[in-house]
Amino acid sequence: MSTLRFSLVCLLVGFVIYVCGHLFGVGYLFFAGYTILQYVVLSSAWNILGGYCGYVNFGSAAFFALGAYSTVFFYKFYPLPIPLLIVISAVVSGIVGFGMGYLTLRLRGAFFAIATLAMAVVLQTMVVNWDYVGGSRGAYIVRADTIEIGNFSIEYIEYLFLLMMILAILSIVVSRAIARSQLGFGFATIRDDELAAEASGVPTLRLKLIATTISGALMGMAGAPFPYYIGYLQPASAFGLEYGVNSIAMPIIGGTTSWVGPLIGAILLGSLQQIATVTISSAVNLLIVGILLVAFVVIAPNGLVGLVQDRLRARRSK
Amino acid sequence: MDFPFELLVNAIIAGLLLGGFYAAVTAGVSISFGMLDIVNIAHPAFIILGSYIAYIVNISYGIDPIVVSIVMLPAFYALGTCIYQVYYVSFEKRGQESLRGLAFFFGLLFVTEVMLILVFGVDYRYVEASYIGPSLHLGSIDLPLRMLVPCVTALVLFGLLHLLVTHTFTGRAIMAVSQDQLALQLMAADPIRIKRIAFGISIATASVAGALLVIIQPVEPSVGREYIGRVFAICVLGGLGSLPGTLVAAMLLGVMESITSTFYGPSWSPAVSFGFLLLTLAFRPAGLFGR
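Heads up: the sequence lines are chains A and B, in that order. Residues 1 to 318 in this note's numbering are what the first sequence spells out, letter by letter. Residues 1001 to 1291 in this note's numbering are what the second sequence spells out, letter by letter.
It is worth saying that the hints were derived from the structure and are not from the lab. One thing to keep in mind: the hints can contain errors.
Claimed, not checked - Computed spacing ranges between beta-carbons, pair by pair: (1) A/Phe15 x B/Ile1056: 51 to 59 angstroms; (2) B/Ser1060 x A/Thr277: 53 to 61 angstroms; (3) B/Phe1120 x A/Val9: 45 to 53 angstroms; (4) A/Gln182 x B/Tyr1126: 54 to 62 angstroms; (5) A/Arg5 x B/Phe1120: 48 to 56 angstroms; (6) B/Leu1155 x A/Pro203: 26 to 34 angstroms.
Stated by the list, open to error - To list a few chain B residues with every Cβ distance to chain A over 12 angstroms, as calculated: (7) Val1057; (8) Gly1101; (9) Glu1113; (10) Val1114; (11) Leu1143; (12) Ala1189; (13) Arg1230; (14) Thr1262; (15) Ser1267; (16) Trp1268.
From the three backbone atoms N, C-alpha and C, an ideal C-beta is built for every residue, glycine too.
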């Protein structure tokens, strides 16, 4: 399937999901769905760098928060429409991703991982000390109840849901397109043996920089509508560790080598967490994520997709 | 305005004391990350675990936290060897340690933290001991005992580790295992066993470091995260795997943080270590004392 046709199919599926949600008529579905879609974006974005290239990024929360705080910054300055804010956040996070990659990607993999963790704390400290965007007190974003698009008037949460749906589709299409292109093969050579790739003429640094930039930009996009979603943004919620751990756990549980893995992981784990948050408690839902992450890396290193592939292969060889 | 010279001297001394404590916190990572090449980012979580154990025993029986931590050393050592065994079987043997190993430790960090939150909640906990509170005064210099005692303990711990690594066969084997496993096998030492011992020692230091942490400041489960950056900053800054380098780097970072928080406010001090780490990684990845 060509990328264009695939995107059309995705849009169709997204639209059907939206209509189904609308028929149910429960506003909470959109709240929960927004979070799950947000994780689809984050985990697909993480996977472009982590799964395709093999570079672990612990700082997903930092890119996410960059997007969210770009929105807050412009909200205080002049309230722009959200789609424009998403583009701005993508540019900001993309630039930071590029800079980050340029500084650290010449080092061994582990250093990159630690540096991303470090960057999250540096950015958080800067935001806490920056009064214009609310500092440690946080910032309020006032949103309307409904929004007019053309002649239609829809609920704001549905509008946010639709935006996030488009972002999720965008990130899935991008990560699928990358995996099938020359770029994706380049990434795979870096993951498998960077030294050999370098020796055979693969421009590894340039490829890695492309990966960090795309991955960072997508994460920033996911964060841009967040202040409107939550209404009150404070550093601790924007830089929450759950974004970091989820965007690693979801692709690893789903399977990191293709675009399907993060999608499956995000939908499964995201829904599970929504259910656990409502029925048990939010601390327990994070515990579930942690235990699943540890269990999967130890027992099923290739994730659910890997398990299914192994099963199919075993059946074929019988 | 006069330059507040006294304030500066006090800040430097407080920083040196803090640095001694940081050295104890980093010792374990210096062994696991520096010598064994195992990126144990869950180390701070084990330190917090140590703090909580010291806290429980101290509150229930009134035993000194440092004594508790020393009693707990074998338990932490055993925990460390178990973790290494899992790590070895699932990652090192399969040759997948980089990506999945990191995710494994990240998961461990997370699980430990959330479990502590579920059991103890997010309230700050602190211990009681005779040396928490009073200070020594030397002229205009203040030496709070709650900083001095951890610093001295840390230095003793560090000295013992250094002796162990340089003067015993096992210690030298630990130094060698990261460089050449085959040569080590020719010396009749099993590299896996040596690594297991080393990782056990590395986690064991977390017990002591945890007790020191809870003496210095009240502890809640997510405090450990702040230490991830510090610990790796010190480790990289000191040159990977060099214990004396680690000590110097820890003191340096302690002094810088202390000066920053004295003159600019404590909310900036986490950024110092992380910023320093980023700069070191970018410009001098071998560390200040690396070759």
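Structure-based check of each hint:
{"no.": "1", "hint": "A/Phe15 x B/Ile1056: 51 to 59 angstroms", "verdict": "holds (56 angstroms)"}
{"no.": "2", "hint": "B/Ser1060 x A/Thr277: 53 to 61 angstroms", "verdict": "violated (34 angstroms)"}
{"no.": "3", "hint": "B/Phe1120 x A/Val9: 45 to 53 angstroms", "verdict": "holds (49 angstroms)"}
{"no.": "4", "hint": "A/Gln182 x B/Tyr1126: 54 to 62 angstroms", "verdict": "holds (58 angstroms)"}
{"no.": "5", "hint": "A/Arg5 x B/Phe1120: 48 to 56 angstroms", "verdict": "holds (54 angstroms)"}
{"no.": "6", "hint": "B/Leu1155 x A/Pro203: 26 to 34 angstroms", "verdict": "violated (49 angstroms)"}
{"no.": "7", "hint": "Val1057", "verdict": "holds (25 angstroms)"}
{"no.": "8", "hint": "Gly1101", "verdict": "violated (8 angstroms)"}
{"no.": "9", "hint": "Glu1113", "verdict": "violated (8 angstroms)"}
{"no.": "10", "hint": "Val1114", "verdict": "violated (4 angstroms)"}
{"no.": "11", "hint": "Leu1143", "verdict": "holds (29 angstroms)"}
{"no.": "12", "hint": "Ala1189", "verdict": "holds (25 angstroms)"}
{"no.": "13", "hint": "Arg1230", "verdict": "violated (10 angstroms)"}
{"no.": "14", "hint": "Thr1262", "verdict": "holds (16 angstroms)"}
{"no.": "15", "hint": "Ser1267", "verdict": "violated (6 angstroms)"}
{"no.": "16", "hint": "Trp1268", "verdict": "violated (6 angstroms)"}
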